[in-house]
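Novice: Just need the whole structure built from these sequences, with the hints factored in.
For the sequence shown, the tail end lands on 166 under the numbering used here, and the numbers increase by one without skipping.
By construction, these hints were calculated from the structure, which means they are not laboratory data. For clarity, every value in this text was computed on a predicted model and none was experimentally measured. Take the hints with a grain of salt, since some may be wrong.
[Said to hold, decoys possible] DEER-style ranges, computed between Cβ atoms:
#, residue 1, residue 2, range
1, Thr101, Asn20, 34 to 42 Å
2, Asn20, Lys156, 31 to 39 Å
3, Gly85, Lys50, 30 to 38 Å
4, Ala96, Leu165, 20 to 28 Å
5, Thr111, Lys80, 17 to 25 Å
6, Gly72, Arg138, 13 to 21 Å
7, Asp47, Arg142, 18 to 26 Å
[Said to hold, decoys possible] The calculated SDA-like cross-link candidates involving lysine to any residue, where the alpha carbons are at most 25 Å apart (straight line), are:
#, residue 1, residue 2
8, Lys80, Val95
9, Lys151, Pro161
10, Lys80, Thr92
11, Lys156, Thr111
12, Lys156, Arg142
13, Lys80, Leu145
14, Lys100, Pro43
15, Lys100, Thr52
16, Lys137, Gly116
17, Lys105, Glu89
18, Lys80, Lys105
19, Lys156, Leu103
20, Lys105, His160
21, Lys50, Leu69
22, Lys156, Asp97
23, Lys105, Asp117
24, Lys80, Ile70
25, Lys80, Ser104
26, Lys100, Glu89
27, Lys50, Lys137
28, Lys80, Asn20
29, Lys80, Pro43
30, Lys80, Leu69
C-beta atoms are modelled at their ideal positions from N, C-alpha and C, and glycine is treated no differently.
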Amino acid sequence: MIGLEALCAVNYLDPNVEDRFVHVLAHEYAHVQQALQSPTFYDDPKPTVLEESLIEGAAEFTAELISGSIGNVDLKAMTRGREAEIETAFVADEDKTDLSKWLYNGTLTKPGDLGYWVGYRIAKSYYQHATDKRRALRDILEMSDAKAFLAKSGWHPGMTLR
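Specialist: Shown next, in the form of structure tokens:
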């Protein structure tokens, strides 16, 4: 469910409300596809930081392909130049089931959710390394093994992405 009041009130997403809606709807549509394709993975009641970050990051990356931009523009600016530091800390926590440091911790005025950002970067790395982009997108949406996906992604902390 999309909280329209919250979506309109936040000040760190795309400043253009119409663009923000397109992106968020695309993000949520990606979640529908994930739930249909990999329900066991998607509905895990106790996911790890890596698993939940990849679920959210895959939706975020898919939404970027559809909408043409990322949803959380402040998060991109806030992390620039700190990729290696943030992502090295993420690797240390990836197997934990306490998500509070990485996910669902933003407020209306402060972006949180660094797990979305790291998961997005892992999904984007997978896509950029793939020769068959259609197959790569299918793999991203049908992901069922976070560790295997991470290993195939070519991602490492601090890497440069286009």
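Novice: So, for every hint listed, does it hold in this structure?
Specialist: Okay, the hints, checked on the actual structure:
1. In this structure, Thr101 and Asn20 meet the distance hint of 34 to 42 Å, their C-beta atoms being roughly 37 Å apart.
2. Range check, Asn20 to Lys156: about 35 Å between beta-carbon atoms, so the 31 to 39 Å window is met.
3. Take Gly85 and Lys50: their Cβ atoms lie about 34 Å apart, and the range 30 to 38 Å holds.
4. The supplied range of 20 to 28 Å is met by Ala96 and Leu165, whose beta-carbon atoms lie about 21 Å from each other.
5. Take Thr111 and Lys80: their Cβ atoms lie about 18 Å apart, and the range 17 to 25 Å holds.
6. Checked against the hint of 13 to 21 Å, the pair Gly72 and Arg138 passes, with Cβ atoms roughly 18 Å apart.
7. Checked against the given bound of 18 to 26 Å, the beta carbons of Asp47 and Arg142, roughly 20 Å apart, stay inside it.
8. With a C-alpha separation of about 19 Å, the suggested pair Lys80 and Val95 falls inside the 25 Å cut-off, and the hint holds.
9. Between Lys151 and Pro161 the alpha-carbon distance is near 15 Å, which keeps this suggested pair within the 25 Å criterion.
10. This hinted pair checks out: Lys80 and Thr92 have alpha carbons roughly 17 Å apart, not beyond 25 Å.
11. With a C-alpha separation of about 33 Å, the suggested pairing of Lys156 with Thr111 is violated against the 25 Å cut-off.
12. Straight-line distance between C-alpha atoms of Lys156 and Arg142 comes to about 14 Å, which keeps the hinted pair within the 25 Å bound.
13. With a C-alpha separation of about 22 Å, the suggested pairing of Lys80 with Leu145 holds against the 25 Å cut-off.
14. Taking the CA atoms of Lys100 and Pro43, the gap is near 21 Å; set against the 25 Å cutoff, the hint holds.
15. As the CA atoms of Lys100 and Thr52 are separated by approximately 5 Å, the hinted pair is consistent with the 25 Å bound.
16. Of the supplied pair hints, the one linking Lys137 and Gly116 is violated, its CA atoms being roughly 30 Å apart against a limit of 25 Å.
17. Annotation: proposed proximity of Lys105 to Glu89 holds, straight-line Cα distance about 15 Å (limit 25 Å).
18. At most 25 Å may separate the alpha-carbon atoms for a hinted pair to count; Lys80 and Lys105 meet this at roughly 18 Å.
19. Only pairs whose Cα atoms come within 25 Å are accepted, and Lys156 paired with Leu103 is accepted, the gap being roughly 23 Å.
20. At roughly 20 Å between alpha-carbon atoms, Lys105 and His160 fall within 25 Å of each other, so this suggested pair holds.
21. About 29 Å separates the Cα atoms of Lys50 and Leu69, which puts this hinted pair outside 25 Å; it is violated.
22. Distance hint between Lys156 and Asp97 is fulfilled; the C-alpha atoms sit about 19 Å from each other, no more than 25 Å.
23. Note on Lys105 and Asp117: the hinted pairing holds, with a Cα-Cα distance of about 8 Å set against a maximum of 25 Å.
24. Between the alpha carbons of Lys80 and Ile70 the distance comes to roughly 18 Å, so the proposed pair stays at or under 25 Å and holds.
25. Between the alpha carbons of Lys80 and Ser104 the distance comes to roughly 20 Å, so the proposed pair stays at or under 25 Å and holds.
26. Between Lys100 and Glu89 the alpha-carbon distance is near 18 Å, which keeps this suggested pair within the 25 Å criterion.
27. For the proposed pair Lys50 and Lys137, the alpha carbon gap of about 31 Å is over 25 Å, so the pair is violated.
28. Of the pairs offered as hints, the one joining Lys80 and Asn20 holds, with about 16 Å between alpha carbons and a cut-off of 25 Å not exceeded.
29. Taking the CA atoms of Lys80 and Pro43, the gap is near 30 Å; set against the 25 Å cutoff, the hint is violated.
30. Taking the CA atoms of Lys80 and Leu69, the gap is near 16 Å; set against the 25 Å cutoff, the hint holds.
Taken one by one, the earlier hints fail for this structure at numbers 11, 16, 21, 27 and 29, listed in ascending order.
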